[in-house]
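Novice: Residues per chain, in single letters:
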Amino acid sequence: MNLNVNFCGIQFPNPTVLASGYLGVTGASLANCTSKGAGGVTSKTLLMKERTGHANPTILTFPGGVINAVGLSGEGIGNAKHEFEKYRELAPENPIIGSVGGHDIDEIVEVAQIMDEYPVDMLELNFSCPNVEGEMGKPIACDPLITAQATKAVRQVTKKPITVKLSPNVPDIGLVAKHAEANGADAITAVNTMGPGMVIDIQMRRPILTNKVGGVSGHAIKPIAVRCVWDIYRSVKIPIIATGGVINGRDALEMMMAGGSLLGIGSAIVYHDLKCFDMITDKIRAFMEEEGLNDISELVGLAHEEGFDRDKL
Amino acid sequence: MSLPLVFKVDSIRQDSPNLKTYVFKHNIRAKSGQFLMVWLPGHDEVPMSIGWQTKEEFHVGIADAGDCTHAIHENIKVGDKLGFRGPYGTSFDYKDVDHLICVGGGYGTPPMLNLAQRATELGKKVTVIQGARSADYLLYEDLFNQLGVELLVSTDDGSKGHHGYNTDVLEEHLSKIDRSENVCIYTCGPEVMMVKVAQIAEKNELKCQVSLERYMKCGFGICGQCCMDDSGIRICKDGPIISGEYALEHPEFGKYTRGQSGKVEK
Numbered sequence: 001m002n003l004n005v006n007f008c009g010i011q012f013p014n015p016t017v018l019a020s021g022y023l024g025v026t027g028a029s030l031a032n033c034t035s036k037g038a039g040g041v042t043s044k045t046l047l048m049k050e051r052t053g054h055a056n057p058t059i060l061t062f063p064g065g066v067i068n069a070v071g072l073s074g075e076g077i078g079n080a081k082h083e084f085e086k087y088r089e090l091a092p093e094n095p096i097i098g099s100v101g102g103h104d105i106d107e108i109v110e111v112a113q114i115m116d117e118y119p120v121d122m123l124e125l126n127f128s129c130p131n132v133e134g135e136m137g138k139p140i141a142c143d144p145l146i147t148a149q150a151t152k153a154v155r156q157v158t159k160k161p162i163t164v165k166l167s168p169n170v171p172d173i174g175l176v177a178k179h180a181e182a183n184g185a186d187a188i189t190a191v192n193t194m195g196p197g198m199v200i201d202i203q204m205r206r207p208i209l210t211n212k213v214g215g216v217s218g219h220a221i222k223p224i225a226v227r228c229v230w231d232i233y234r235s236v237k238i239p240i241i242a243t244g245g246v247i248n249g250r251d252a253l254e255m256m257m258a259g260g261s262l263l264g265i266g267s268a269i270v271y272h273d274l275k276c277f278d279m280i281t282d283k284i285r286a287f288m289e290e291e292g293l294n295d296i297s298e299l300v301g302l303a304h305e306e307g308f309d310r311d312k313l
Numbered sequence: 314m315s316l317p318l319v320f321k322v323d324s325i326r327q328d329s330p331n332l333k334t335y336v337f338k339h340n341i342r343a344k345s346g347q348f349l350m351v352w353l354p355g356h357d358e359v360p361m362s363i364g365w366q367t368k369e370e371f372h373v374g375i376a377d378a379g380d381c382t383h384a385i386h387e388n389i390k391v392g393d394k395l396g397f398r399g400p401y402g403t404s405f406d407y408k409d410v411d412h413l414i415c416v417g418g419g420y421g422t423p424p425m426l427n428l429a430q431r432a433t434e435l436g437k438k439v440t441v442i443q444g445a446r447s448a449d450y451l452l453y454e455d456l457f458n459q460l461g462v463e464l465l466v467s468t469d470d471g472s473k474g475h476h477g478y479n480t481d482v483l484e485e486h487l488s489k490i491d492r493s494e495n496v497c498i499y500t501c502g503p504e505v506m507m508v509k510v511a512q513i514a515e516k517n518e519l520k521c522q523v524s525l526e527r528y529m530k531c532g533f534g535i536c537g538q539c540c541m542d543d544s545g546i547r548i549c550k551d552g553p554i555i556s557g558e559y560a561l562e563h564p565e566f567g568k569y570t571r572g573q574s575g576k577v578e579k
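Residue numbers (our numbering), protein chains in the order written: chain A, 1 to 313; chain B, 314 to 579.
Treat the hints as calculated values from the structure; they're not laboratory data.
With a Cα cut of at most 27 angstroms, we get these calculated DSSO-like pairs of lysine-lysine:
1) A/K212 / B/K576
2) B/K390 / B/K368
3) B/K550 / A/K283
Whenever a hint applies, use it, and build me the whole structure from the sequences.
Specialist: Structure follows, in structure tokens:
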């Protein structure tokens, strides 16, 4: 049985990939995740300058999910090289995706150029953080034409595969994915957090997050994430990293059947800690055995009707 | 679920010139060494250890050491509310220990009080070695005396107890202990002090547990802000209590930490 995923020419030993924003501040932390079973990892999004992000509280769980307003904290791309080198030293076998952010297209291109020089296998363009609207305006992925422009600009500065991370907060995510694909994206990551949302403490009579609003993830958004992956699968030919509420093996299988080739794993850590990677991979393996499937790629898009052919898109 | 619980301050003790202990009437059910994320709306949320703890109340000793703790000192009076998430993290293991030697430095003393309290309830022998800059900064002598533990102190200026480091007192004390008993050293305080304590334990072939602190965001092991090199362990989830031996394997132990952005700070 083959659980190995060839994604844009990069070999992942299993379909689980640590999602951006989770445990991605240091190279050692990322490597700790692969040692516990993650097939690959995604770094935390980096911008040009060092950023402290929003003041705490920045991350909360509520019944059904997670809400966060970390606010793109990071040491700045120029300071972060040692973290990628540390990851490579500690986890030489597992791919790493470098997450790229910026206030505008010029900054994103600048960060991508530097990331391109680092030991990363792929670049993920974070066009969809909903927690910094006050500072940066609407996320790029909320507009298909700006997504096109930004993808095209980054395509010109790197030969490494690019995946564009999309927002679920749009009327037609398939259209946004098409614009990314047409301008050089090799893959789509879907979806970023929903919202923003808000949680109020009734005793304090205040929103709990210091930023007041934050992006919502976890099981609460899974049906929306599954539908987004489904729509993207039917709109573009490039492969998808499906993320948003994949907590257990059943969720993972659902996402793959919608069209995900890889699975972005984040909130699952809240519920199952770092053993979530092995739990998900084990469940996929057991399901494939039961169903008589030999290669994990057979699961991808299985929920679409017979005769549906992406190659004819 | 990690939404905060909100409690009103029942009373406040001024325990040193810059440390106030806030008392809350609630059974927090924390294991010794675990921590809370303390929320001051509109300012910040910071990890804090738990001091004295009974079924009726718990104490949080807060030093005026940063923007948020300063704001708490300035603004929070008896009857005001603070939010708490947790308790989080690993705890001290003392189940099979006969003699606990608790080494607290500066603001690291509150969890040593909590541990001494739990251990004396089980009838175990406890020695507390507390270091501070001067006599005014020594914490909770009344509560340690109430527990009936052996209390040894040191001050940097010699105003009380040994004139010098608490690690000197520890070394001196270890030469006198009964090695036929199961002895374990516990420590919380400045990291350079804990490195020294862990090394002393290693030299004396004694077990040791240290309480670490790093900048934290989530508190429950998902954000990756508090991870240590090179194991990548999360201090909020795999810590804050780890063995001294394991701590010494980490190149950053006693050397550097990371700040709010994630950048290394020496």
